[in-house]
Amino acid sequence: AQTVTQSQPEMSVQEAETVTLSCTYDTSESDYYLFWYKQPPSRQMILVIRQEAYKQQNATENRFSVNFQKAAKSFSLKISDSQLGDAAMYFCACLSKTSYDKVIFGPGTSLSVIP
Amino acid sequence: KAGVTQTPRYLIKTRGQQVTLSCSPISGHRSVSWYQQTPGQGLQFLFEYFSETQRNKGNFPGRFSGRQFSNSRSEMNVSTLELGDSALYLCASSDGTGAYEQYFGPGTRLTVT
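First to last, the sequence lines map onto chains A and B. Here this note's numbering is used: the first residue of the first sequence is 1, the next is one more, and so on. Here this note's numbering is used: the first residue of the second sequence is 1, the next is one more, and so on.
Okay, chain A solo, but in the shape it has when bound (with noise of 0.2 Å):
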């Protein structure tokens, strides 16, 4: 079984200030996804970042990076120069090459930027 953990419930960032989400997970499988999703007020979820277990080097969108640690089984999202379409719900997700689309999903940390 996975499980996915976000110990940090709320957290804010000033605008163009960098903050860093953090998540743990526990799985047994050796080929996995890592995922960070956001969830703004619309409830429309979206993906900001992908991770794949395998790769070592840490993936990377725009303002978006991760800090994957493999035998920590942690991954952490940080977000730079934040802007105030930031402000929503990151989710931290997983999910098992051999359990086709079925992510486990974190409790979520609720993003505040502060003007």
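It should be emphasised that the hints constitute simulated quantities derived from the structure, not laboratory data. Fair warning: there could be bad hints in the mix.
[Said to hold, decoys possible] Here are the simulated DSS-like cross-link-like pairs (lysine-lysine), alpha carbons at most 25 Å apart as the crow flies:
id, chain 1, residue 1, chain 2, residue 2
1, A, K55, A, K73
2, A, K78, A, K55
3, B, K57, A, K97
4, B, K57, A, K55
5, A, K55, A, K97
6, A, K102, A, K70
[Claimed, not checked] Going by beta-carbon spacing under 7 Å, a handful of chain A positions derived as facing chain B:
id, residue
7, Q44
8, M45
9, R63
10, K70
11, F105
12, P107
Using N, Cα and C, we set each Cβ at its ideal position, and we do this for glycine too.
Based on the hints, put chain B in the right spot on chain A.
The following block gives chain B in isolation, referenced to the frame of chain A:
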């Protein structure tokens, strides 16, 4: 390409009734997954369909069922509704062949009174 669409967007039902929710995936996507989102339990996986076959199932009672049609559209049915079934139901589609990138619809907000 048009995104994932879900209908209806909002629904109010009474305990004991049944409800059917619909999801149309992105054109060309053959996998549709359903999730239940509640403040208490977060996002929980319900089931996944690929080419009209259920490939994976979460830990929900048999009152929750689904199906997928030949055009990849999917429906989810909940029978004998309970107050605890009030939730946002999200569906997501992917090509189902290993890209593992899911695209979510806007959700259906179900309220059971």
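- Query: Are R63(A) and chain B close enough, Cβ to Cβ, to be under 7 Å, as the hint says?
  - Reply: For R63(A), the interface hint is violated, since the closest Cβ of chain B sits about 20 Å away, which is over 7 Å.
- Would the stated hint for M45(A) survive a check requiring a Cβ distance to chain B of less than 7 Å? This interface hint holds because 4 Å falls under the 7 Å limit.
- Query: Does K70(A) lie within 25 Å of K102(A) when you go C-alpha to C-alpha?
  - Reply: OK: K102(A) and K70(A) at ~21 Å, within 25 Å.
- Task: For the pair supplied as a hint, K57(B) and K97(A), confirm whether the alpha-carbon distance does not exceed 25 Å.
- Result: holds (15 Å)
- Query: Is K57(B) within 25 Å of K55(A), Cα to Cα?
  - Reply: violated (28 Å)
- Message: With the threshold set at 25 Å, check whether the alpha-carbon distance from K78(A) to K55(A) stays at or below it.
- Response: holds (18 Å)
- Item | Hint check, F105(A) versus chain B [nearest Cβ-Cβ separation less than 7 Å] | holds (4 Å)
- Item | Hint check: 7 Å Cβ-Cβ cutoff, Q44(A) to chain B | Since chain B brings a Cβ to about 5 Å from Q44(A), closer than 7 Å, the hint holds.
- Under the criterion of a CB-CB separation shorter than 7 Å, is K70(A) in contact with chain B as hinted? Not OK, violated: K70(A) not within 7 Å of chain B, min 18 Å.
- Hint status (Cβ of P107(A) to nearest Cβ of chain B, threshold 7 Å): holds (5 Å)
- Given hint K97(A) paired with K55(A) - CA-CA distance at most 25 Å: holds (14 Å)
- Query: Hey, K55(A) versus K73(A), does the alpha-carbon distance stay inside 25 Å?
  - Reply: With Cα atoms ~14 Å apart, K55(A) and K73(A) stay inside 25 Å; holds.
Checked against the numbered hints above, the structure breaks hints 4, 9, 10 and satisfies the rest.
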